[in-house]
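> Single-letter residue listing:
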Amino acid sequence: MSLQSRHLLGLDGMPQADINLILDTAASFKEVLERPIKKVPPLQGKTVVNLFFESSTRTRISFELAERRLSADVVSFATAASSVSKGETLKDTARNIEAMKIDMVVIRHAAPGAAHFLSRVVASNVINAGDGAHEHPTQALLDMYTLREKFGKLEGLRVGIVGDILHSRVARSNIFGLTTMGARVAVCGPATLIPREIERMNVEVFHRLEDLIPRVDVLNVLRIQSERQQSGLFPSLREYHRYFGVTKEKVERALRPITIMHPGPINRDVELSADLADGEHSVILQQVTNGVAVRMAALYLLGTSNGEGGI
Amino acid sequence: MIETPDAPFPLRIGGIFVLEDETLRKKKIIDSAGFQRTVNRLAHEVLEKNKGSGNLVIVGIRTRGDYLARRIAAKVEEIEKDAVPVGTLDITMYRDDLRGRLDQPRLQRTDILFDLASKNVVLIDDVLYTGRTVRAALNALMDIGRPAGIELLVLIDRGHRELPIKADFVGKSVPTGRQDQIQVAMSEVDGEDGVYLLTPDEEERKT
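Sequence lines, in order, name chains A and D.
Mapping the first sequence onto our numbering, position 223 (from 1) lands on 223, and the numbers just tick up by one.
Mapping the second sequence onto our numbering, position 155 (from 1) lands on 155, and the numbers just tick up by one.
Keep in mind that the hints were calculated from the coordinates and are not lab data.
Every residue gets a Cβ at the ideal spot worked out from N, C-alpha and C, and that includes glycine.
Only true hints are included.
If you want a taste of the chain A side facing chain D, the calculated C-beta under 7 angstroms gives, among others:
1) M1
2) S2
3) T25
4) S28
5) E31
6) R35
7) P42
Kindly produce the complete structure, drawing on both the sequences and the hints.
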C-alpha cells in the first residue's frame with residue numbers, strides 16, 4: 001500500500017483509497033503521540049526542509065514536531081531572514097537548498113500553485129502546507145481525521161463551512177476531501193465571500209446561518225482573514241459577527257449538539273463566540289493534536305515509499 | 001498454482017507474505033493437538049523461569065505473534081489464576097528494510113496499554129529466522145519504556161540467524177534450508193492450528 005503520488009499537493013483528485021491510507025496511518029501515529037517517548041525512527045537519515053514564505057505558527061510547529069518525531073533532520077526557513085528578501089526566485093531558492101542534498105520539502109507560499117511548481121523543479125517529495133487561496137491539504141486531512149474519530153465515519157456526515165469561502169484554502173481542501181469521502185458539504189457566508197459557481201464543487205450554498213444550522217452535524221468555522229480583507233467585502237467585523245458569527249444562541253436553536261471546528265487562530269467573538277470555542281462540543285484542540293499525527297502519516301508515507309508511485 | 005486444499009492461508013517467510021510456489025512440497029510438522037501441547041509447555045516454562053506471573057507482561061509481534069501471545073497469556077492465567085497484561089507490537093516503523101521494499105508495508109497500531117518500566121517482558125513471535133524482526137521489536141520496546149528485562153519466546157526456531165539473537169523459550173527447533181518456508185497457521189486467522197514445512201522439490205529428491 002502506498003500513495004499514488006510522490007507529493008502531497010492538494011486533495012483535488014486524490015482518490016478515496018489514498019485519503020483512507022493517510023487517515024489509517026495517522027491512527028498509528030496518534031498512539032505514538034500518547035507514549036512517554038514520542039519518537040520513532042522511520043525517517044532517520046532523511047532531511048526535511050520547511051520553506052515558509054508566509055507567516056504561520058501552528059502549521060510550522062506542527063510540521064516540525066511531526067518531522068522530528070519521525071527522526072528526520074529538520075531545517076526551517078522563514079522568509080524575512082532569507083535570500084528571498086534579496087530578490088531570489090522560488091525556483092532558485094529551492095534548487096539551491098536541494099543542492100545541499102535534502103529529501104523532502106514542506107512549502108507554504110502566498111501564490112496558488114507554488115507547491116505544484118516546486119514539485120516540477122525539484123527531485124524531493126513536496127508537501128503543500130498552504131498555497132494562497134488554493135489548497136491546504138494537511139489541514140483538511142486533520143479535519144477529516146478529527147471527524148472520523150468523533151463520528152466513526154465520514155460518509156453521510158453533514159458538514160457546514162462558515163465564513164470567507166472565497167479566500168479560504170482550508171474550505172477548498174475540505175470540500176474536495178469531504179465530498180470524495182461521501183460527506184455532504186454546505187457553505188455559508190456573505191455573498192461577496194462565496195465564489196461564484198461554487199455549486200459545481202457539489203456543495204450547497206446558504207447565505208443565512210440560521211438556515212444552515214438545522215441541516216448540519218458539524219460547523220467548521222473559518223477565520224476572518226483580516227490580512228486578505230483590504231477590499232471591503234463586508235462592512236465591519238461587528239456586522240459580520242451579527243450575521244455570520246457562530247454563537248451559542250444560534251447553535252442552540254438546532255436542539256441537538258453541533259460539533260464545532262476551527263482551523264485557528266480564532267478571532268474570539270468575531271467568527272466564533274468564546275463559549276462555543278471552549279465548549280463541550282468543540283473539537284478545536286483535538287484538531288491541533290491530530291494535526292501532528294496526520295502530518296506524521298503524510299511524511300511517513302511519502303518519505304518511505306520507493307518512489308514508484310507515478311508523478 | 002497447485003491445489004493446496006489444506007492451505008487456506010498465504011505463505012509466510014519470516015513475516016513476509018509470498019506467492020505460493022508450485023515447486024514446494026508441504027509437510028505438517030505440528031498438528032492441532034501438538035500445537036496446544038506446545039503452547040501449554042511454553043506457558044509453564046515462562047512461569048518456571050519467572051517464578052510466577054507477578055511481574056510479567058506479554059507482548060506479541062503482529063500478526064501471528066500477537067495471537068500466540070494471547071494463547072500463552074490465557075494459559076498463564078489459567079495456571080496462576082491471575083491475569084497478565086498482554087500488548088501488541090507493530091514493528092513496521094523499525095524495520096531495516098522499510099525503504100527498499102517495493103510494496104510499502106501497511107502501518108498498524110501498537111497497543112501496549114500498560115507501563116513497561118521494571119516489568120519482565122516476554123516478547124513473542126511465531127517464527128525466529130534471521131533475527132531482524134526481533135532486533136526491530138527490541139528497539140520498539142525500548143522506545144516505549146525501560147523494562148527490567150526482556151525474554152524471547154518463539155513457536156518455531158528455524159535457524160539462519162543474521163544477528164546475535166537467541167530465544168529463551170522455543171516451541172520447536174526446525175532445521176531448515178534457506179529455500180524452505182515455515183507456515184504457521186492459527187485458527188484466529190487461518191481456520192486451524194498447525195505448522196507446516198515447505199521444501200522445494202529438488203531438496204526433497206536429494207534427501
